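Number of protein chains: 2
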Amino acid sequence: MPHPQYEFANGTVNSCRRFHSIPSLQRAPCGPRTNVETYEGQRSANQPREVQKRTFGSAATHIQRNPAYSELNSDDVSYFRSILGDGVVEDEDRIAVANVDWMGKYKGASQLLLLPKSTIEVSKILSYCNTRRLAVVPQGGNTGLVGGSVPVYDEVIVSLAGMDKIISFDKVNGILTCEAGCVLENLSTFVENEGFIMPLDLGAKGSCHIGGNISTNAGGLRFIRYGSLHGNVLGLEVVLADGTILDMLTTLRKDNTGYDLKHLFIGSEGSLGVVTKISVLTPAKLPSTNVAFLSCNDYTSCQKLLLAARRNLGEILSAFEFMDHHCIDLAMRHLEGVQNPLPASQYKFYVLIETTGSDESYDKTKLESFLLRSMEDGLVADGVIAQDISQASNFWRIREGISEASVKVGAVYKYDLSIPVEKLYDIVEKMRCRLGDNAEVLGYGHLGDGNLHLNILSSKYDDNTLAQIEPFVYEWTSAQRGSISAEHGLGLMKAEKIHYSKSPEAVQLMASIKKLMDPNSILNPYKVLPQSVL
Amino acid sequence: MPHPQYEFANGTVNSCRRFHSIPSLQRAPCGPRTNVETYEGQRSANQPREVQKRTFGSAATHIQRNPAYSELNSDDVSYFRSILGDGVVEDEDRIAVANVDWMGKYKGASQLLLLPKSTIEVSKILSYCNTRRLAVVPQGGNTGLVGGSVPVYDEVIVSLAGMDKIISFDKVNGILTCEAGCVLENLSTFVENEGFIMPLDLGAKGSCHIGGNISTNAGGLRFIRYGSLHGNVLGLEVVLADGTILDMLTTLRKDNTGYDLKHLFIGSEGSLGVVTKISVLTPAKLPSTNVAFLSCNDYTSCQKLLLAARRNLGEILSAFEFMDHHCIDLAMRHLEGVQNPLPASQYKFYVLIETTGSDESYDKTKLESFLLRSMEDGLVADGVIAQDISQASNFWRIREGISEASVKVGAVYKYDLSIPVEKLYDIVEKMRCRLGDNAEVLGYGHLGDGNLHLNILSSKYDDNTLAQIEPFVYEWTSAQRGSISAEHGLGLMKAEKIHYSKSPEAVQLMASIKKLMDPNSILNPYKVLPQSVL
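Taken in order, these protein sequences are the chains called A and B. So for the first sequence, full-length UniProt numbering puts the first residue at 1; every next one is plus one. So for the second sequence, full-length UniProt numbering puts the first residue at 1; every next one is plus one.
Incorrect hints may have been included.
Chain copies aren't distinguished; within one or between two, either way the pair holds.
In the DSSO-like style, the derived pairs of lysine-lysine whose C-alpha atoms are separated by at most 27 Å in a straight line are [as the list claims (entries may be wrong)]:
no., residue 1, residue 2
1, Lys285, Lys364
2, Lys408, Lys107
3, Lys285, Lys304
4, Lys423, Lys285
5, Lys460, Lys408
6, Lys165, Lys117
7, Lys171, Lys423
8, Lys285, Lys171
9, Lys304, Lys364
Treat the hints as calculated values from the structure; they're not laboratory data. Please read these numbers as outputs of a predicted model, since none were measured by experiment.
All chains, please: the whole structure from these sequences, using the hints.
So, in structure tokens, the structure goes:
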């Protein structure tokens with residue numbers, strides 16, 4: 001799907017502007033294993049899996065259903081029907097879709113899907129479930145990558161898909177207020193027509209909900225320019241576990257009256273409350289966007305290029321994405337209609353740079369001179385600048401399509417790590433050495449934010465491969481003081497792994513807050529926090 | 001004091017570039033009083049004030065000392081001396097300074113000032129105070145405006161002034177890690193020498209501590225460009241009420257592992273924990289800064305100018321500050337060595353626009369052509385662009401000196417409001433009508449953020465004047481769905497007024513969190529939250 005924001009003064013399709021090339025491609029030698037390169041013993045294949053079928057996220061197979069939760073009965077369904085009418089879904093096929101994540105990796109066994117149309121309905125649902133001790137999984141676009149948005153057992157699924165209205169847009173200040181079930185791409189289209197852009201953009205934008213974005217504190221492609229949702233979300237309306245409606249839906253840029261509670265719900269993955277409405281600051285849409293697709297001969301050059309881009313492109317830099325050549329090869333094999341703008345597989349690394357500013361010719365000149373200087377300095381081996389929106393879309397399609405292409409291989413083990421930039425690619429090479437020919441290892445991501453996406457592709461999910469990956473990947477990341485989840489959240493996959501990135505004192509305080517706000521633990525159980533602390 | 005960040009290619013002192021002028025100055029007629037223009041009866045002058053002498057912040061005179069707190073004894077002092085040595089201050093003069101805020105408006109009666117040198121020492125102090133039920137007021141630079149940083153009664157003052165070390169600076173990513181007692185201006189100077197700037201700047205920068213900035217979620221002059229501390233602070237180390245050290249001192253840009261607890265401490269005014277260390281993202285220092293000082297004939301023009309600046313200056317706009325002519329008159333009367341760049345008192349409104357970018361000549365041309373177009377459109381009456389750092393400093397000195405000049409008149413009632421931009425100046429005119437000749441009313445602030453500073457100057461503090469101002473100012477702001485504290489916090493002054501900006505459900509949840517995290521309520525008592533909910 002084309003990236004919708006590009007506007008170029010020159011609408012004609014020219015060939016991309018090319019720079020000279022210095023091809024070089026060598027595989028890094030595998031170094032010796034370090035102390036942290038240990039791994040857990042293989043999980044028993046005979047262990048009962050109960051409801052889950054393919055839960056290869058860490059430890060998911062070890063979790064037992066919490067017997068404190070009630071089981072759904074016909075009276076419950078009748079009650080829900082009395083408040084929601086046809087918003088109660090018992091159709092098996094529709095429920096089946098909501099029970100599984102888009103990768104087909106996490107699968108629950110819910111028997112009920114609820115589609116509230118208003119905050120009041122969400123409040124009534126939660127109030128009832130809290131009293132009845134019925135566990136609930138809030139669901140947005142179900143595009144998550146860590147099993148956070150699907151049931152683990154028989155939790156009632158509360159989908160926000162029916163709450164997809166734009167409530168207001170302040171054209172003076174660029175402040176959008178909308179319901180949580182709005183699809184990100186629809187919001188993007190809406191605000192762009194008003195001369196603004198959403199402060200976040202991600203590959204799943206065609207399906208993901210803004211409520212889900214907020215609940216997972218989604219990062220994405222514009223983070224380097226516009227920062228995190230903690231900075232851009234102005235207000236939230238949230239329904240708490242007991243049905244209390246918490247109105248924090250301010251549209252003010254500044255408000256220092258008491259504790260800023262909305263931040264508790266940004267990134268807590270629906271475990272503290274269900275986000276129902278949002279107000280968010282949208283930056284002005286600037287008229288000039290340029291996209292370059294470059295290659296580098298080594299990772300050190302990518303790092304130096306990032307530093308140079310920060311210094312020289314300054315206020316117009318809006319994306320700095322990197323991919324290794326394995327990603328490019330995969331995208332070319334599996335994505336329809338995508339072309340490599342540079343000679344295939346000649347380089348080890350590729351970088352996509354986007355600039356966004358208010359002056360077409362000035363910005364383009366600035367980007368071109370930056371790239372020429374980077375080539376003279378030996379940082380860039382080859383490169384092209386998109387000459388029209390079609391070329392720009394093709395560049396972005398490669399970067400954004402990696403996740404989609406990964407799934408087509410069969411099984412994909414996905415990791416989303418924050419690592420100091422200078423060490424960020426080490427884990428990719430280490431993982432390649434560990435896995436050998438058993439898997440294909442891809443490294444790509446938001447280099448400007450120190451965020452690596454590590455995808456490990458295999459023909460099928462199996463415990464042997466998993467044992468080669470985990471806990472090594474977490475131990476190594478922890479040893480670098482990195483984060484085992486930069487932007488995907490913990491979900492079911494990494495709830496028990498939180499200690500790799502957070503101190504015991506911090507986890508204990510999180511658990512205390514969870515118990516305070518959801519004493520019956522009905523909201524998104526088994527996720528985010530380890531069972532042992534709850 | 002000069003604004004330190006200005007660099008101009010042309011170092012010579014030229015006269016400012018002038019635009020033609022269209023003078024106009026009329027006082028707005030006072031409209032009829034609206035429904036919300038009620039006010040409380042005058043407070044009794046006979047009411048016992050106990051420790052406070054001039055606590056004209058709302059309701060401060062009504063609060064009784066909480067008898068649950070112990071009174072300090074010699075054993076306590078001996079214990080503190082055993083862990084802090086000469087960090088225990090009993091000298092009356094030094095304690096007197098720490099007992100009163102810089103405006104001389106709030107005054108406590110603490111008998112002990114503690115100056116820890118490390119996080120461990122802070123932890124030992126709090127652990128002891130928590131066990132002994134000794135109330136504590138954490139103190140930074142004591143530059144707050146709402147009585148948040150001084151004792152109300154005999155709380156032990158824990159000053160962070162002794163913890164002022166820079167711990168590390170990551171020159172690649174611009175990440176500063178430091179102790180909480182570092183003075184903001186010192187940090188600014190340090191990072192500017194490394195090619196970066198602090199993401200916040202405010203008038204009190206020469207005294208305020210970064211820990212205090214974070215605890216009050218300070219906004220300031222760069223908010224329009226770099227956003228809030230919730231977006232810029234990467235990590236914190238905090239000591240909880242029971243002495244637990246909470247290490248959240250990550251330097252990662254992205255980390256979605258569990259609840260992002262640091263946001264609880266940003267803006268909670270030391271009532272949930274004492275911030276001891278900080279890591280913060282510092283933006284790259286861009287080489288070109290330009291400052292313009294403009295006049296507008298009416299408030300509508302100021303608003304239109306803001307819109308035009310957002311559209312046309314786009315990514316280089318770094319400040320948009322406005323002042324009414326009363327502010328300018330005051331600054332000229334009370335600030336030494338300050339000159340009005342424009343003919344004195346001819347205009348009703350003044351605007352300071354700053355741009356920061358990476359290209360000196362391009363940025364200057366852009367600003368000049370924007371200003372010429374704005375004059376042609378009738379938005380700007382007169383204007384100058386600073387030709388050197390001295391002129392730029394003079395422009396900023398006017399804006400930043402208003403607060404300092406206000407205090408010189410005698411008494412100043414300060415309000416810090418977020419109000420939708422289109423109605424922002426209404427409250428200034430309404431207040432002028434209410435107060436007549438009894439007081440001088442100034443309106444200025446960060447127009448780009450919808451943040452008005454309303455200063456009401458009088459020869460002395462008195463209950464009659466206060467009753468004319470409050471609760472009207474809060475009721476009116478609440479009716480506009482504004483915030484009664486945009487950036488100053490609630491402190492003692494507005495703790496009991498939180499309901500004007502927050503729902504009962506939100507206040508209740510704040511109280512629950514306070515009770516969870518500080519069950520003995522030893523941290524900064526009587527502030528932030530109403531006593532009735534604790």
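Hints, one by one, checked against the model:
Taking the shortest Cα distances, Lys285 and Lys364 sit within 27 Å of each other both inside one copy (17 Å) and across copies (22 Å). Taking identical chains as interchangeable, the C-alpha atoms of Lys408 and Lys107 lie at most 27 Å apart only when both belong to the same chain, with a minimum of 19 Å there against 69 Å between chains. With identical chains, the CA atoms of Lys285 and Lys304 are at most 27 Å apart between copies only, with a shortest distance of 18 Å across copies and 29 Å within one. For the homomeric pair Lys423 and Lys285, the shortest alpha-carbon distance between copies (25 Å) is at most 27 Å, but the shortest distance inside one copy (35 Å) is not.
In this assembly of identical chains, the alpha carbons of Lys460 and Lys408 lie at most 27 Å apart only when taken from the same copy (11 Å versus 75 Å across copies). For the homomeric pair Lys165 and Lys117, the shortest alpha-carbon distance inside one copy (10 Å) is at most 27 Å, but the shortest distance between copies (54 Å) is not. In this homomeric assembly, Lys171 and Lys423 come within 27 Å of each other (Cα to Cα) only across copies, at 16 Å, whereas the closest approach inside a single copy is 43 Å. Proximity of Lys285 to Lys171 under the C-alpha cut-off of 27 Å is restricted to the intra-copy arrangement: shortest distance 12 Å within a copy versus 31 Å between copies.
For a Cα distance limit of 27 Å, the shortest separation of Lys304 from Lys364 inside one copy, 21 Å, qualifies, whereas the shortest one across copies, 30 Å, does not.
Violated hints are absent here; each numbered hint is respected by the structure.
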